[in-house]
Every structure is written in C-alpha cells, then in structure tokens.
Amino acid sequence: MMSRLYKRLIVVNIFGGLFYIFCLLQWLWAILPYLPGFISLATKIQPVTERPSVVMQASSSQPPSLFMVVLASIIVVGILAMTAYVLVKLPATIGKAGEKFTKSASQHLVPVVSHHATLTPRKRLRLATRIVMMIKMALCVLPVIVASLSFSMALTVPFNVTLIVAAFLAIVSFILLAAQVSLAKILHVALKESW
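Residue numbers (this note's numbering): 1 to 195.
To be clear, the hints were calculated from the coordinates, so they are not data collected in a lab. For clarity, every value in this text was computed on a predicted model and none was experimentally measured. Among the hints, erroneous ones may be present.
To be verified - Using C-beta positions, here's what the derived DEER-type ranges look like: (1) P36 with G78: 35 to 43 Å; (2) S3 with W27: 16 to 24 Å; (3) T118 with L142: 27 to 35 Å.
From the three backbone atoms N, C-alpha and C, an ideal C-beta is built for every residue, glycine too.
Sequences are here, hints too, so could you generate the full structure?
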C-alpha cells in the first residue's frame with residue numbers, strides 16, 4: 001500500500017517528468033535548423049557513393065502459410081507491447097536523468113556560488129534548491145536563444161515558425177515547472193525529493 005506522501009510525490013514528479021520531456025523537445029527543436037549544415041558538412045567530408053541498383057522480379061503471389069501468419073502476429077504483438085512499455089517508462093526515465101543532471105550540477109555549483117564558505121546543512125540545501133531552479137529555468141530559455149540564432153541560415157522551416165514553436169515549447173515548459181513547484185508547496189512535498 002502506498003503512503004500518502006508517496007502518492008503526492010508521484011503527482012509532483014509527473015509534472016517534473018513532463019517538464020523534462022518538453023525541455024528535451026525544446027532542445028531538439030532548437031538544434032533542428034542546424035542539422036542541414038551538419039549533414040552537408042558530413043557529406044563533404046565523406047561523399048556518398050552510389051550503389052548499383054538491383055532489379056528484383058516479382059514472384060507469383062501465393063497466400064502466406066499459417067506458420068508465417070502466426071509468426072508475423074507474434075512479432076506485431078511483441079512490438080506493440082514493447083512500444084507501450086517504452087511509452088510508459090519514458091517519462092520516468094527522462095525525469096530521473098534530468099533530476100540527476102540538475103542535482104549533480106547544483107551540488108558542484110554550491111561551493112562556487114558560496115565562495116567555498118562553510119554553510120549549515122539547511123543553507124546548503126536551500127542554495128542547492130535555488131540553483132536547481134535556475135538550471136531548470138536556463139534549460140527553458142537557452143533553446144529559444146539557440147533557435148533565434150538560426151535567423152541567418154537557409155531554413156527548411158520559416159524562421160517565424162521556428163521561433164513560434166520554440167516560444168510555445170518554452171511557455172509550456174515554464175507552466176509545467178510552475179505547476180510542479182506549486183503542487184510541491186500545496187501538497188507539502190520537499191522540492192529536494194522531486195524531479
């Protein structure tokens with residue numbers, strides 16, 4: 001049986017996981033305008049060689065055997081089950097990886113920010129929590145800046161659309177972050193325990 005605190009932590013962590021998913025989407029969208037340049041650079045370094053085409057003749061169509069139908073059905077069901085499992089586990093995996101990144105970065109930054117002064121455990125925890133929040137906000141803002149720097153590139157997507165989508169993803173990320181922090185305060189969950 002789950003305790004009430006654990007249930008509240010799960011609710012808060014759902015928003016944390018969604019926050020990290022949207023941050024990942026932001027970064028992927030911010031890097032997208034730069035990919036054609038990297039791809040053209042890679043083809044200049046190692047040119048693509050043309051392979052000779054092989055012409056295959058169509059065989060006479062016969063209905064598949066019962067064994068092949070059963071085998072194909074098992075493979076399809078297996079792939080669907082794996083897809084469902086991945087879709088269920090993905091937010092938790094991304095959330096835990098994001099938490100590990102932000103918390104380890106904050107632990108390394110606490111001595112730098114405090115100028116190596118000795119801090120009480122409570123002040124150290126408070127400073128680490130503030131640094132985590134700043135890192136999360138930077139994770140929201142930096143992709144918009146990176147996407148806005150692509151204005152001089154030949155884009156497959158119009159620059160306005162690039163900026164609108166980047167801004168939309170940033171706004172959703174900020175809303176999810178605010179929801180996570182607000183729910184943590186309302187449900188009395190410590191931010192140090194959440195993603």
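These are the hints, each one checked on the structure:
1. Between P36 and G78 the C-beta distance comes to about 36 Å, which sits within the given range of 35 to 43 Å.
2. For the pair S3 and W27, the beta carbons lie near 35 Å from each other, so the given range of 16 to 24 Å is not met.
3. Distance hint check: the CB atoms of T118 and L142 are about 32 Å apart, consistent with the given range 27 to 35 Å.
In summary, the structure is inconsistent with hint 2 from the numbered list given earlier, while agreeing with all the others.
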